[in-house]
Every structure is written in C-alpha cells, then in structure tokens.
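> Sequence:
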Amino acid sequence: MNKVGGRALLLSLVWVLFAAVPAAADEQERLIVRAPKPYDSLVSAVRGLGGDIHHLYVNVDALAVSIPSHRVADLATLVGPRRMTKDATVHAPRPVEQVTIAASEVEAVEALHSERLAQLVSSHPTNFNFNNRLTGAATLHSQGVTGHGVVVAVIDTGTANSPVVGALSGTVVGGENFVRDDPVTSATSRRNHPHGTWVGSMIAAHATFLFDNTSSLVRSLRIHAPDSVIACTGFPPPCSATRSIVPVIGTAPSARIYAFKVFDSRTGAGRNSDIIAAMDRAITLRRNYDRGVSSNPVAGNGSEEDPFVFDSLNIQIVNMSLGGGTFFAGRELKDQLTVRMLEIGMTIVASAGNSGPAAMTGGSPGTGIGTLTVGAASSAVHQRVFRDVQFGVGNGALFRPTGHVQTAPFSSRGPTADGRIKPDVVANGVASFVQGTCLALDLVSDRNACLAGLIPAPLSFEAGTSFASPTVAGAAALLRERAPAASAVQIRNALVETANPSLLGDGSGPIDQGAGFIDIPVAMARLQAGRVSSHLARTGRGGSDDDDFAEDDVSRMVEANIREAGFRPVSFRRDRFTSRVEGLRPGQVAHFFVDADERTDQLVVSLTNVTPELPRSQQNVFFGDSVFLQVVDALTSDADTKVSAEVAGDSTFTIANPQTGLVRVAVRGTSTNAGRISADLTIERTRRSQGQATAEGRVAEGELVPFEIEVPAGSAQAVFELSWNGNWSRYPTNGLDLILIDPAGAVSFAEPTFARSPQRAVINNPAAGTWTAFVLGDVVFDHDAGDDEDRDDEDNHDARSAKERFELRVTVDGNRLRMPGADR
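Per the working numbering, the sequence shown starts with residue 352, numbered consecutively.
Please keep in mind that the hints were generated in silico from the structure rather than gathered at the bench. Watch out, some of these pointers could steer you wrong.
Computed beta-carbon distance windows for the label pairs [what the hints assert, rightly or not]:
no.: 1; residue 1: A1095; residue 2: D662; range: 34 to 44 Å
no.: 2; residue 1: D641; residue 2: L794; range: 41 to 51 Å
no.: 3; residue 1: A453; residue 2: S906; range: 51 to 61 Å
Note that the Cβ used here is the ideal one computed from N, Cα and C, for glycine as well.
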C-alpha cells in the first residue's frame, strides 16, 4: 500500500487517528502554529476555517489556535505541517505529601504589615519562622530587607487575594487568567486550586496564627524549632498564656505578587500554550514598563473576583513551580523564553520536578538555560515536625533519627540531555508551612464555610520542589531590593555561586543538589562586593562564560553529553555488571547509567547482601534500615518508573523491553535510616537479534505512513513493534507513534507514548484479515541541521524537511512477517 494520496487526506488522518477516536465534524483541535508576524492573514484564515484564536504571542513568532478536526488539513496546506504542533495538556504539580491543619485548631490570624512585621523581626532576629530555617533570610529581615518594592510574577493556579487568606493580605496586586471555560475567571479568587496560593505563601506570607498550647504543632515546634513559636505573652498585644503564636513568614514578606492563572480551578489541568502565553505576557509587561508605559491598572477594580490588570509592570522575579517532559532540553519554546526573561531583566526561578531520586528526571522549564532551577532539600527539623503533626508528638524524631540535611528523595536530578548540571541550587521542600485556598479543604461543610468567609483558608504542610522554588524566588527578591542595579543574571548567579554544598550531610553531588543549599546573606555580600559573574553559563561543560550558545558544543548523542558532564554508563562483561555500593548515608544516592541499545530485550536488576552498619536494635524503630531502589526508563526529562521499592533483603527486578537510550538506576540509603547501609548491585542484560524488519522507511513531522499487514486466521498473538533512530539516546529526541486499525476499521492501538522507542503493541487473538499500521511523525527534528530555529525558515522548509528513519516489526505467533517492497 502506498502513502495515502493527497496531503489533505493524509493530514486529516493524522489528527483523527492520533485522537484515537473518529472526530466529529465540530470537534476542535488545539494547536500551536509557528508563523511570522504580522498574523493578520493567518488569523483570518483560521477564522475562515471555523477556528478560534487563543493566543497571539508577542515575543515569539507563534500563535495558539483551535480548529475543527476536519479543517486541520486545510490549515496545514497554508502553513506547512511542520509548523503545527499539538497543544499538550499539562497539570499543576501535586504535593508529594501533605497534612492539613484542622480549621478548629486555628484560633485567630493577624496579617502583619510594615510596623507589625518590623516589630516581629526585630524582636526575633533569627529563625523566627519555620519556613526560613537554613536560608539566612531572617538575618536580612532583621536588617529591614524584606523584599519591599519587588514584584514577583507567579505563573501557577492563581494566587488568592482574599480575606480568608490572611497570610497574603495586601500582597497580590493583580492578576490575569489564561484558562478558558473555567467558571472561576479571577486569578486571585479563593475558589482557585490552592497550589499557586501555597507557592505565594512561601514567597511573601506575613501573618501570625494563634494556637492552643496543647496543639501538636505548638508542642512539636517547642521541641524541634523553639524560635519558630512565640509565647502569647511575649508579643504584643499579649494574650492568654495558654496560647502560642506561630508566624508564617515568606522569604520576602514585603514583596508583591502578580498572579498568572494557567491551570483550571476544577481539574488542575492547563495547556502548554497558556503557560507560554503567561511567560510571553510577563515579558511584555516588563518591556512596556522599561519603555515608560504607565503602570496604572487598565482593567479590574482590585477586588478578589475582579483583580487589577496592568499593561506595564516592573516584574523583576518570576516563579514557575511547574514542569513537564521535553524532547529538546534548553531549546524548546518555554526553555527559550527563560533566556528572554533574563535578557529583559527578570530572574526566572523554576522547580526541578518531583520525579527523583533517579538521574536525568528534570522537566521544562527547569531545563531552560536561563532558569534558576531549584531542587528540594529535606531538613530533619521539618520532617520531624511534619511527622509529629501527622502521627503524634514524639514520633517525628523516631521517624527521622538522623539530623543532617538531605536532598529530598522525590527531587528530580540532573544532568540534562545536553549535559548541563541541574538543578542549580536546593532549598527545603519538605513540610513547608503554608496557607492555601478554600479548595484545599476536603470536608464540603468546611469548604462552604471558607467560601462564605466564615473560617479562614486552611494551613497545611506541603512537600515538593514546588515549595523549594518560591523560597529561592523570595531570596532573589531580597537581593533585588538591596541591589537594584544588578542584572537579572547577576541576581541568579549570586545565589548559585554562594550556595553551600557542605550543608547537606548525605553526600549529595552536583546532579542532586546543584551548587548546594542557598545562603542568602553570603549571596548578598558577594553581590554588594561586585564579585558576581554577569555572564550566563549556557553549557554543562564546566560552565562556559560565553554569552552565545555554541551548538557545536553539544553532541547529538546523550551518552556523549553526560560523559562531558562527568558521567559514564556502566561497563558490562558478558552482559553482566556488578558493583558493591558501600556505606550509603541516609539519603545518599548512587547513580548508575545503563546503555540499553536496540538489541536489549530486558534488564534484570538485583540487590543482594543488604548490610546495615547498625544492629537491628539501633536502626529505625518503625521500619528498620533499608535501601531504596528506583529504576527509570530511558526518557530523559521525567521518570518513566519501572522499579520503585524499599529493599531490606535480596531482591530481583526485571525490566522488560526497556526503551533505547540510558536507563537510570538509583540506589539510595533510605532517608529514614539511622545509619549507613551497603549492598551489592547486579545488572544483567538479555539481548536478542531484532531480525529483519517487516517494513522500514522515513517519516517527516506531521506525516502518516501506512502499511497493510495480513494476519492469518487462528492467530493467537500479534506483536507490533516500532523503533526509530532518533530515540532517547539522541539529542534532541524524535517522537513517533504507532496507530493500529483492525480489519473491521476500528482503532485497536493509538496511545500517545511521549516518544517511547521501541513502541510495542501486543494484540491477543487478533482478528484475521488486513491490519493497517500507521507510523505518525509526531515530533521530528533534523539531527543534521541546527537547533529548533530551522523550523521557522519557511523559505527552506521543503529542502530541510527532516525525516526520521524507522523500522516496523510484526511478529505473529513467533513468526516475523515481511512485506515485499515495504521500504518507504
């Protein structure tokens, strides 16, 4: 069977089949279309096709549209199929762990403004706030540096400007909503998902909360962080001696927040195009400010449900506690915008992700070259208070018996696929004490009471890199207040260059903790002394000071890039690798990179001779001491986890059909261990000849290549396997998809797999007759050309249209099928 005749028919099939359902005539496809400005003719064309415009980007040549599925081919005819990409759905990060404080425990709340805030910090100059332990923020607060005059953009679920969120009273100056069809249209409403308000609390909270002395929180703080709880009689106006005050203070409590809402209040879902739009808008607001455009509101009345909107705003810091996988770390659209933010004068801070402890699990925009990427640390104090509140006072110290700071087990690790060390720094991301929105309350009665303003929005402990990132964003705001003439790059570099790699006591390396735990006073001193680099290190090869990224510095092979970053894949002897992992401290990770090539059929990972250094009576009283094992597949910007297990005795795990590329194995001393631990690691691989392909060919992005396969009657099993060259071993990675249509014309397999290669579909008892296998070029980069900018060269589009070589193997009841003349 030849390629489907006619580009219009082919492209219609692409979008219909990839959706895995027959598209109704009015079903809308969301697309990002790259096109040069002005957009007028393209906008008219989209609307003429029955489509709609979602975003017209100002600082990048692209627009986001929706269009009826049956008209996608017509749009592709106008702009070219390689200039359209699907507008992917993304989700707000979920906390790794959380404990919500019952509303009944909070007896009163007082927002601290100017004089009251100054009174608190002057009377408690160090460690007065649980969230700010170890960062040194309290030292600057006591000097009057609290982020005054600094505007932080929070791109998230919205950040509440509501009377029920006393911690952020007066902080949120306005906001914009980028989510369509959400009944909550305000970016500052108490009715939004709580994530963005939790994040805002870490940046700029400034309130005290009153608790009874018998509460588990107060009792635990008095044990583990006594400076973080204040006797009622010691802070005016005095109150009953049976009560205590717990401050909730952000890193920059006087900073102001401008909220960008990019996630739906009901589902926590958003679109990639909306995130790009928020980044684009933040750049525009800052550019307009620099050009002298008035910063008076142009819309809204400043209320919770109708926030002020500006066309000019001096945004100096941007926080993005969100992320997702990427095929082209550092060069995709969101990542490119991180550099543009720095260039316009905004320091961009983003979370590393929650897919650790295995290596190469950080997502975009944390993979951005301009991003100050933040991993999560776990302090013993935070963990112990968290467990005391969760399980009862006294259990925290038993749960976390060692006192050293660790990299949090969930924190995503580097390096990036192009060999850069990430994260850049770490800050605590465990048991962050924050206030959220009414939607954080589980009980309907409590939620309704909060929505009605009868009770405050809940306090809670949250864990995730989402809360380490705003800690650092707040730190950047403090530096910006004291050093207004510093560049955005210098603010970023000051925090990286002065981070403390010795604060963590778990043996964390650069891909775990980056440069180390932030030290704000030292960063401030370095910045004021003029000893901070003004250059952005754009490669991972020891941190080049070149301002211009040199594409030739990066290999197209991921293995070569990580070698340049100091890592090598394990060496097999007769398909077997062994290593004694010796003396892992609690929280320490040993990283192993395993090269799984096209012939790798399975990997078998074994841990044996697990040996704690302490006798059982001295180990963790709840769990004993153990090793944690994580094995993730070859995907390089997230965790496709195949094994996640605590191991105390001999254990074996099989990873069948690993993806082609670098599989990562992380062996970690469990964070709750009381002592060191050792184990023998064995990795065995089984390899098989792939045999002759059923069919092979080349496919371009947006192209659909069909093959007809005859399946005999009475077959018990048919296995379809698609592989391609530009898999996760390559940088950038190409994404192909396999779509199967059975003899009756029904879609039998069509699962977007984020570039899983090989992609495998097993059909048991397949129907006899003609099956059609479609190979879809979802994302195809030209590995012989330059970076993603080649996509925008319309004049050379046909000449440069990249094609990916693929092989399709079909095995029926153990017999490989071969199609004569099936090469494309």
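> Indicate, hint by hint, whether the structure satisfies it.
Here's how the hints hold up against the structure:
1. A1095 with D662: 34 to 44 Å: violated (57 Å)
2. D641 with L794: 41 to 51 Å: holds (48 Å)
3. A453 with S906: 51 to 61 Å: holds (55 Å)
Of the numbered hints stated above, the single one contradicted by the structure is hint 1.
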